[in-house]
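Build the full structure now, drawing on both the sequences and the hints.
Below, each chain spelled out in residue letters.
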Amino acid sequence: MKHKVGIHLVILLVVFIIACKDDQLRKAAKASDDAAIAIGAMIDVKRELGKQELITPAQELVLTERLLDVNRAVYQFNSRARTYDRLDSTTQTELLRLFGDITGSMRTLNEQGVLQIQNPDTKQKLSAVLSALDTAVQTIGAALGGN
Amino acid sequence: MGTIALLLKLLPFITNITPVIVAALAAIRAQSNMTTAEIFAHAGSTLDANEKKLLEDLERLNPQP
Numbered sequence: 001m002k003h004k005v006g007i008h009l010v011i012l013l014v015v016f017i018i019a020c021k022d023d024q025l026r027k028a029a030k031a032s033d034d035a036a037i038a039i040g041a042m043i044d045v046k047r048e049l050g051k052q053e054l055i056t057p058a059q060e061l062v063l064t065e066r067l068l069d070v071n072r073a074v075y076q077f078n079s080r081a082r083t084y085d086r087l088d089s090t091t092q093t094e095l096l097r098l099f100g101d102i103t104g105s106m107r108t109l110n111e112q113g114v115l116q117i118q119n120p121d122t123k124q125k126l127s128a129v130l131s132a133l134d135t136a137v138q139t140i141g142a143a144l145g146g147n
Numbered sequence: 148m149g150t151i152a153l154l155l156k157l158l159p160f161i162t163n164i165t166p167v168i169v170a171a172l173a174a175i176r177a178q179s180n181m182t183t184a185e186i187f188a189h190a191g192s193t194l195d196a197n198e199k200k201l202l203e204d205l206e207r208l209n210p211q212p
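So the sequences go chain by chain: A and B. 1 is the number of the first residue of the first sequence in our numbering; add one for each residue after it. 148 is the number of the first residue of the second sequence in our numbering; add one for each residue after it.
Treat the hints with caution; some may be incorrect.
[What the hints assert, rightly or not] Capping the alpha-carbon separation at 25 angstroms, the derived lysine-lysine pairs in DSS-like fashion look like this:
| id | chain 1 | residue 1 | chain 2 | residue 2 |
| --- | --- | --- | --- | --- |
| 1 | B | Lys199 | A | Lys51 |
| 2 | B | Lys200 | A | Lys51 |
| 3 | A | Lys123 | B | Lys200 |
| 4 | A | Lys123 | A | Lys27 |
By construction, these hints were calculated from the structure, which means they are not laboratory data. This structure is a prediction, so every number in the text was calculated from the model and none was measured.
Pasting the structure below:
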């Protein structure tokens, strides 16, 4: 009887661990979706600022190029992550590598794009959207256990 | 932290709040009803749309001869 209870507990523990890992993947999926939405919002803000001439065409071009890098990095992550059923040490390592590409491209977007804007109000607006995007990106990292 | 936090951070320069809340609730409801695979697929579609917009902007800002 004790033996059966022990086996049931082990099975429950394994199921629980697998469920937690499944939750990690679902969290990563939601964060990836949030990041995609935030990038879309930043594109719209950038376009509006350009229309209002609050940023120059040259500044908008840099923001566009750096946003494209971020979008493609998130795309790579999303495309790879969706092929997995659950996270294990191998898949986690691969996804953390792709997460590193996302954070690197975010850093470049901030340094070469947002921080180069002179007007304080305009910089603040872009920083606010970037902060929202960063929240989603950091949630990806948290889901992978990388933060 | 998720869709609500994300949309709340966008509030500073969004003047009309109601569509933001409506969008937040719709996004949360949508994600809750989706399987993980569907969420990844939705993210993929959004990223594709983003790429298209960004390439249009590149063409506009840096037209190739």
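Verification of the supplied hints:
| no. | hint | verdict |
| --- | --- | --- |
| 1 | Lys199/B / Lys51/A | holds, 19 angstroms |
| 2 | Lys200/B / Lys51/A | holds, 15 angstroms |
| 3 | Lys123/A / Lys200/B | holds, 22 angstroms |
| 4 | Lys123/A / Lys27/A | violated, 31 angstroms |
Violated hint: 4 only; the structure is consistent with all others.
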